[in-house]
Amino acid sequence: MNPRVKSVAPRDDFRLEITFTNDEKGIYDCRHLLEFGVFKELQNRSYFKKARAVGGTVAWPHDQDICPDTLYLGSMRLHSRECAPNSYSRPRLTRSASGARGG
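Just so it is clear: in the sequence shown, position 50 is 41 by my numbering, and no numbers are missing.
Treat the hints as calculated values from the structure; they're not laboratory data. Treat the numbers as computed from the prediction; the structure is a model and nothing was measured. The beta-carbon is built from N, C-alpha and C at its ideal position, and this holds for glycine as well. Take the hints with a grain of salt, since some may be wrong.
[Stated by the list, open to error] Restricting the straight-line Cα-Cα distance to at most 30 Å, the calculated cross-link-like pairs of lysine-lysine (DSSO-like) are:
(1) K31 x K(-3)
(2) K(-3) x K16
(3) K41 x K16
(4) K31 x K16
(5) K31 x K41
(6) K(-3) x K41
(7) K40 x K16
(8) K(-3) x K40
[Claimed, not checked] Distance windows between CB atoms, simulated:
(9) G28 x H70: 28 to 36 Å
(10) N35 x M(-8): 16 to 24 Å
(11) D14 x R43: 24 to 32 Å
(12) M(-8) x S37: 18 to 26 Å
(13) R22 x R43: 30 to 38 Å
(14) D60 x E8: 24 to 32 Å
(15) V29 x H70: 16 to 24 Å
(16) T12 x K41: 18 to 26 Å
(17) R36 x M(-8): 13 to 21 Å
(18) D3 x K31: 27 to 35 Å
(19) P52 x R22: 26 to 34 Å
(20) K40 x L69: 14 to 22 Å
Whenever a hint applies, use it, and build me the whole structure from the sequences.
This is the structure:
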């Protein structure tokens, strides 16, 4: 099972800054949802900013929500100054002082 949403901070650019239950942080871009059905209401920036972490996912007052697995798998992980795709990125291999490869 993927981690669930612990907290969320909606941003002005229709992205969500999410902290997951494993303490990873990521950015989920909601812009691709804004033209569809119940998500059209999220085009209103002040309404979008009402996003809250509820029951392990992100939800809005009028019952819009996004599957927590979608949020985790579709978010870009925050790493200090860069973002990297989540589950499709491979561990970075580094060489130790002895020349052995490690992760």
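Verification of the hints:
1. Between K31 and K(-3) the CA atoms are separated by roughly 25 Å; this keeps the pair inside 30 Å, and the hint holds.
2. Only pairs whose Cα atoms come within 30 Å are accepted, and K(-3) paired with K16 is accepted, the gap being roughly 10 Å.
3. The suggested pairing of K41 with K16 holds, with an alpha-carbon distance near 19 Å, which does not exceed 30 Å.
4. Restraint check: the Cα-Cα separation between K31 and K16 comes to about 26 Å, which is no more than 30 Å; the hinted pair holds.
5. Our distance criterion of 30 Å between C-alpha atoms is met by K31 and K41, whose separation comes to about 14 Å.
6. Among the hinted pairs, K(-3) with K41 is consistent with the structure: their alpha-carbon atoms are about 16 Å apart, no more than 30 Å.
7. The suggested pairing of K40 with K16 holds, with an alpha-carbon distance near 18 Å, which does not exceed 30 Å.
8. For a cut-off of 30 Å, the pair hint linking K(-3) to K40 stands: about 17 Å separates their Cα positions.
9. Separation of G28 from H70 is about 34 Å and conforms to the stated range, judged on CB atoms against 28 to 36 Å.
10. Checked against the hint of 16 to 24 Å, the pair N35 and M(-8) fails, with Cβ atoms roughly 33 Å apart.
11. D14 and R43 have their C-beta atoms about 19 Å apart, which leaves the hinted 24 to 32 Å range violated.
12. Checking the proposed 18 to 26 Å range against M(-8) and S37 shows it is violated: the Cβ atoms sit about 34 Å from each other.
13. Hint check: R22 to R43, Cβ distance near 20 Å, so the stated range 30 to 38 Å is violated.
14. Remark: the range hint 24 to 32 Å for D60 to E8 is contradicted by a beta-carbon distance near 18 Å.
15. For V29 and H70, the hinted distance range of 16 to 24 Å is not satisfied, since their beta carbons lie about 33 Å from each other.
16. Checked against the hint of 18 to 26 Å, the C-beta distance between T12 and K41 comes to roughly 22 Å, which is consistent with it.
17. The hint said 13 to 21 Å for the Cβ distance between R36 and M(-8), and at roughly 33 Å that hint is violated.
18. Under the hint 27 to 35 Å, the C-beta atoms of D3 and K31, about 18 Å apart, miss the expected range.
19. One distance hint, 26 to 34 Å for the beta-carbon pair P52 and R22, is violated here, with the actual separation near 20 Å.
20. A beta carbon spacing of about 19 Å between K40 and L69 agrees with the range 14 to 22 Å that was offered as a hint.
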